[in-house]
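Enquirer: Sequence:
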Amino acid sequence: MSIEERLAAARVGLRRHDPEEAAELQRDGALLVDIRPRDDRAAEGEIPDSIPVERIVLEWRLDPASAHRLPQVDAERPVILLCNEGYASSLAARDLRELGLRRVGDLIGGFRAWRAAGLPVVDGGGPAVP
Numbered sequence: 001m002s003i004e005e006r007l008a009a010a011r012v013g014l015r016r017h018d019p020e021e022a023a024e025l026q027r028d029g030a031l032l033v034d035i036r037p038r039d040d041r042a043a044e045g046e047i048p049d050s051i052p053v054e055r056i057v058l059e060w061r062l063d064p065a066s067a068h069r070l071p072q073v074d075a076e077r078p079v080i081l082l083c084n085e086g087y088a089s090s091l092a093a094r095d096l097r098e099l100g101l102r103r104v105g106d107l108i109g110g111f112r113a114w115r116a117a118g119l120p121v122v123d124g125g126g127p128a129v130p
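Just so you know, we're using UniProt numbering here: the sequence shown kicks off at 1 and counts up by one.
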């Protein structure tokens, strides 16, 4: 299966949000989780109040059953993943959905779409959640 086929399969049934909808959901309590590497966040900025979690530890920090999960994560809280352009976040959301995170989705177009929509951005590059 090619990566394009894997991506299409990952997106079947996935909640995908445009930037404006993601901003509204964040205001209503959804977690925005930024899976971009620190260098990308430093170069381009971050979404205010998003949580940087590098991809290498994502499943441990967001699995509702993990002893290492973030305290604000549970199976019912909406979580929106974001990457640079909305590809890696779709694959990661699929993996989290398989772990039992029922309300996980991703940001269509990723961080770059958020910025292009004129939504708030702050300087980035701080450490991710360990």
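Hints are computed from structural coordinates only; laboratory data are not their basis. Cβ coordinates follow ideal geometry from the N, Cα and C atoms, glycine included. Accuracy of the hints is not assured; some may be wrong.
DEER-style ranges, computed between Cβ atoms [stated by the list, open to error]:
#: 1; residue 1: Ile3; residue 2: Gly29; range: 18 to 24 Å
#: 2; residue 1: Ala42; residue 2: Val12; range: 32 to 38 Å
#: 3; residue 1: Arg112; residue 2: Asp49; range: 15 to 21 Å
#: 4; residue 1: Pro120; residue 2: Ala67; range: 32 to 38 Å
#: 5; residue 1: Glu85; residue 2: Val129; range: 21 to 27 Å
#: 6; residue 1: Val122; residue 2: Glu5; range: 35 to 41 Å
#: 7; residue 1: Arg15; residue 2: Pro120; range: 33 to 39 Å
#: 8; residue 1: Ala67; residue 2: Arg6; range: 14 to 20 Å
Enquirer: Could you run down the list of hints and mark each one as holding or not?
Expert: Structure-based check of all given hints:
1. Distance hint check for isoleucine 3 and glycine 29: the Cβ-Cβ separation is about 33 Å, which falls outside the suggested range of 18 to 24 Å.
2. A hinted range of 32 to 38 Å holds for the C-beta pair alanine 42 and valine 12, which are about 34 Å apart.
3. For arginine 112 and aspartate 49, the hinted distance range of 15 to 21 Å is satisfied, since their beta carbons lie about 19 Å from each other.
4. Judged by the Cβ atoms, the range 32 to 38 Å given for proline 120 and alanine 67 holds: they are separated by roughly 34 Å.
5. Judged by the Cβ atoms, the range 21 to 27 Å given for glutamate 85 and valine 129 holds: they are separated by roughly 22 Å.
6. For valine 122 paired with glutamate 5, a C-beta distance near 37 Å keeps the hint of 35 to 41 Å intact.
7. Separation of arginine 15 from proline 120 is about 22 Å and departs from the stated range, judged on CB atoms against 33 to 39 Å.
8. With their beta carbons about 30 Å apart, alanine 67 and arginine 6 fall outside the hinted range of 14 to 20 Å.
This entry does not satisfy hints 1, 7 and 8, going by the numbered hints stated previously.
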